[in-house]
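There are 2 protein chains.
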Amino acid sequence: MKQVRAELLTIGDEILYGQIIDTNSQWMSVALTNIGVKVVRKTSVADSEAEILQAFKEAEERADIILITGGLGPTNDDLTKPCLATYFNCGLAVHEEALAEVTEFFKSRGRELTELNRLQAALPTACEKITNPVGTAPGMWFNKDNKVFMSMPGVPHEMKRMMEEQVIPRLKNKFTLPVIYHKIIRTIGQGESFLADKIKGWENALPSHVKLAYLPSLGEVKLRLTCFGDSLSVLEEEAEKQATALQALIGQYIYGYGETPIEVVIGNMLRERNMTLSIAESCTGGNVSHMITSVPGSSEYFQGSIVPYSYDIKMSQLGVKEETLQQYGAVSEQTIIEMATLVREKFKTSIGVATSGIAGPGGATPEKPVGTVWIALADGKRVITKKLQLAKERHLNIQLSSMAVLNLIRIGIKESTGNTQKTAT
Amino acid sequence: MKQVRAELLTIGDEILYGQIIDTNSQWMSVALTNIGVKVVRKTSVADSEAEILQAFKEAEERADIILITGGLGPTNDDLTKPCLATYFNCGLAVHEEALAEVTEFFKSRGRELTELNRLQAALPTACEKITNPVGTAPGMWFNKDNKVFMSMPGVPHEMKRMMEEQVIPRLKNKFTLPVIYHKIIRTIGQGESFLADKIKGWENALPSHVKLAYLPSLGEVKLRLTCFGDSLSVLEEEAEKQATALQALIGQYIYGYGETPIEVVIGNMLRERNMTLSIAESCTGGNVSHMITSVPGSSEYFQGSIVPYSYDIKMSQLGVKEETLQQYGAVSEQTIIEMATLVREKFKTSIGVATSGIAGPGGATPEKPVGTVWIALADGKRVITKKLQLAKERHLNIQLSSMAVLNLIRIGIKESTGNTQKTAT
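Chains as they are written, first to last, in the working numbering: chain A, 12 to 436; chain B, 12 to 436.
Just to be clear, a hint being listed does not mean it is correct.
Remember, identical chains collapse to one label, so a pair may be satisfied in a single copy or spanning two.
[Said to hold, decoys possible] With a straight-line Cα cutoff of 27 Å, these simulated DSSO-like cross-link-like pairs (lysine-lysine) come out:
1. K183 with K194
2. K171 with K403
3. K49 with K68
4. K357 with K332
5. K403 with K118
6. K68 with K158
7. K379 with K118
8. K332 with K359
9. K68 with K183
10. K233 with K397
11. K194 with K357
12. K209 with K233
No lab work stands behind these hints: they were computed from the structure.
Turn these sequences into a full structure, and let the hints guide you.
Quick look at the structure:
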């Protein structure tokens, strides 16, 4: 089977000036990789006719699929459409269906169609119009010698809708693509090299049609299995088998699969068990609560938090004892035990967790350098505490502590409800 | 003066697979634009010798400066160094000074130098080594026919240090660059089109050597003035004059200049006035506290927060009256007034602020659709309240509400301390 190759072309001065970060091409890379298309190059060029036409030509030489984003606005500096018309040697004309769609788009929002908006319905006559259900600039699909040029808006959510609903199905239909199955295994609590060491025997024994990638990010490591073959059901089974083998090796660090992040997994665990959560967060300053409440429906299990940033508030609002703070300091096992226990009692929740640490850059002592963090979980039967020695940088310490607390909640729920096996497999 | 052109070349399969977002090239674009170098293209290619060599050739045809990141690791799939050696027709040899540096790097961290690490000191003999003060892979500078190839590690903080301390000064030295002065004016509280309308007369009258760009992001709009000329001091004066003119037009929305975000500006305002802050945040779920505490030294003015996510916690921990919640609901002016007033009293701070709203997707009623948010500030003399009608999407509502509260704190401090003029000019 011939490999199908794609090039991603981003058009716009704002990219070259660094005014925006191009997140589109990363998203498109993942979408194409997932269907077995190989992305061979990403190119960004300015709003310049000569540069754009040159980039079209080069891309056509390299790739079978050329996906273009940006430069579709109605103003003069948006050149993608006239350049496509030149490249495909055709004119620009108002597309009646596109005009009806853009008119309807404005009407449904109670807005008047301006002359500038009307221009958005003018398309190169050589293209097939692709409907934009969430914006005013239609997409354009061009066939040329078994190759495809596809132009999309640069607005991320418009591009994504168009890719998911129309471009990906059309590409699958037009090209003969390999059968690929991806499985992402999400781990937390250990770094990449620790995991690599634990699973190296398994990794070395992987069959050649199964590839493993480590995808580390702040506080977690995702493992991605990519299986190549002829039958999707066979590959799914293969991936399941390998994931089961991983369970036996590193199961205690695996918190989930696919695209579901730890805060959602924890939310589901709490909801399923009718458990509730409260948080006393000092060094994380509200970030753990923010992560928990970023999940829709979190009010079902999250009661609330206290961020007791000062000694006074730790005492007056949470009830930490003055003697404890004076004798051991705020960043100590004694204080963190009180914080987790007290927030759970005050908020009347199944679980209370707490953080206290030196996020930096100030506040360090010889015994407690920047990055020293205590976390704890109280569930009414016992208190689990953990001391972390993290990074030098404030932002990292906040993020890493937050991930560590979320992991502690996961572990605490599993242990307190006694069904480790159920959750871990 | 001939325009100096740059191309940014990113090497690595992980970019084309979409495993990482390339933030380096955005940062480098800004750094180059700031010194008057025009970025004409960004290119990402795979870890493939043929692709890399082809990309070198194309970039040399287009640009005077070719900045390369990535592909410098010690493993087999890192091909940048052998490709550079091939392209510049030279060998790879251990660079003694580079070896001393990498040895020292490991020694200072108490780690042993492995054979793989030793390889990082092998460089193409045609290059000048550029020291990497924070990592193990040195940079490489190549001169060719008045053009420059510069290869740097892909690790963002290593690349940035190398760019700031060595590459930018060398480029300024080697090329004749225009004199450019940038001034960023940061606004909050109004959207791009509102501001554009307010300042259009001023904008249209700008001299041709002064350019304006709108840089909108969540909840704020930055205006960037770029002045071109011969003398830096003249341009600085010109930019100051234009910024003063903007003050007269939109001064109430201007919160600062340059790279300083709103949470730092607020922190400075509080610190200067010896004021303290507490927060009761419901719909923002901890995010406002997180933003405030992301600033080093925030413990000087931030006492703490309550995140009273449930009705129960609003009553038991904050003291909101049951009648208020029952009669008006949690998302109401009556409740938000109590929240801001109570958190200020309980935490004994100069200012107390509060948020309560329907972040979505659930919880809406016909009278209170998703995106309905109340915010308030209490300072002991009065309570300022504001109702917002924001977006449909949870994440946006949390971010936009947070920015609106930070702006309310800014306004509240200015008004309560009565020196609007001092802060606004």
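How the hints compare with the structure:
For the identical chains of this complex, K183 and K194 are intra-copy neighbours only, at 20 Å inside a copy versus 48 Å across copies, given an alpha-carbon limit of 27 Å. With identical chains, the CA atoms of K171 and K403 are at most 27 Å apart between copies only, with a shortest distance of 18 Å across copies and 37 Å within one. Taking the shortest alpha-carbon separations for K49 and K68, both the intra-copy value of 19 Å and the inter-copy value of 23 Å come in at or below 27 Å. In the homo-oligomer, the alpha carbons of K357 and K332 lie at most 27 Å apart both inside one protomer (15 Å) and across protomers (18 Å), since each shortest distance falls under that limit.
In this assembly of identical chains, the alpha carbons of K403 and K118 lie at most 27 Å apart only when taken from different copies (19 Å versus 54 Å within one copy). When the C-alpha separation of K68 and K158 is checked against a cutoff of 27 Å, the pair qualifies both within a copy, at 12 Å, and between copies, at 25 Å. Taking identical chains as interchangeable, the C-alpha atoms of K379 and K118 lie at most 27 Å apart only when they sit on different chains, with a minimum of 24 Å there against 62 Å within one chain. Both within a single protomer and between protomers do K332 and K359 lie at most 27 Å apart by alpha-carbon distance, with minima of 20 Å and 19 Å respectively.
For a Cα distance limit of 27 Å, the shortest separation of K68 from K183 inside one copy, 24 Å, qualifies, whereas the shortest one across copies, 34 Å, does not. In this assembly of identical chains, K233 and K397 lie within 27 Å of each other by CA distance solely inside one copy; the values are 23 Å within and 43 Å between copies. For a Cα distance limit of 27 Å, the shortest separation of K194 from K357 qualifies neither inside one copy, at 42 Å, nor across copies, at 50 Å. Taking the shortest alpha-carbon separations for K209 and K233, only the intra-copy value of 15 Å comes in at or below 27 Å, while the best inter-copy value is 49 Å.
When the structure is compared with the earlier hints, a violation turns up for hint 11 alone.
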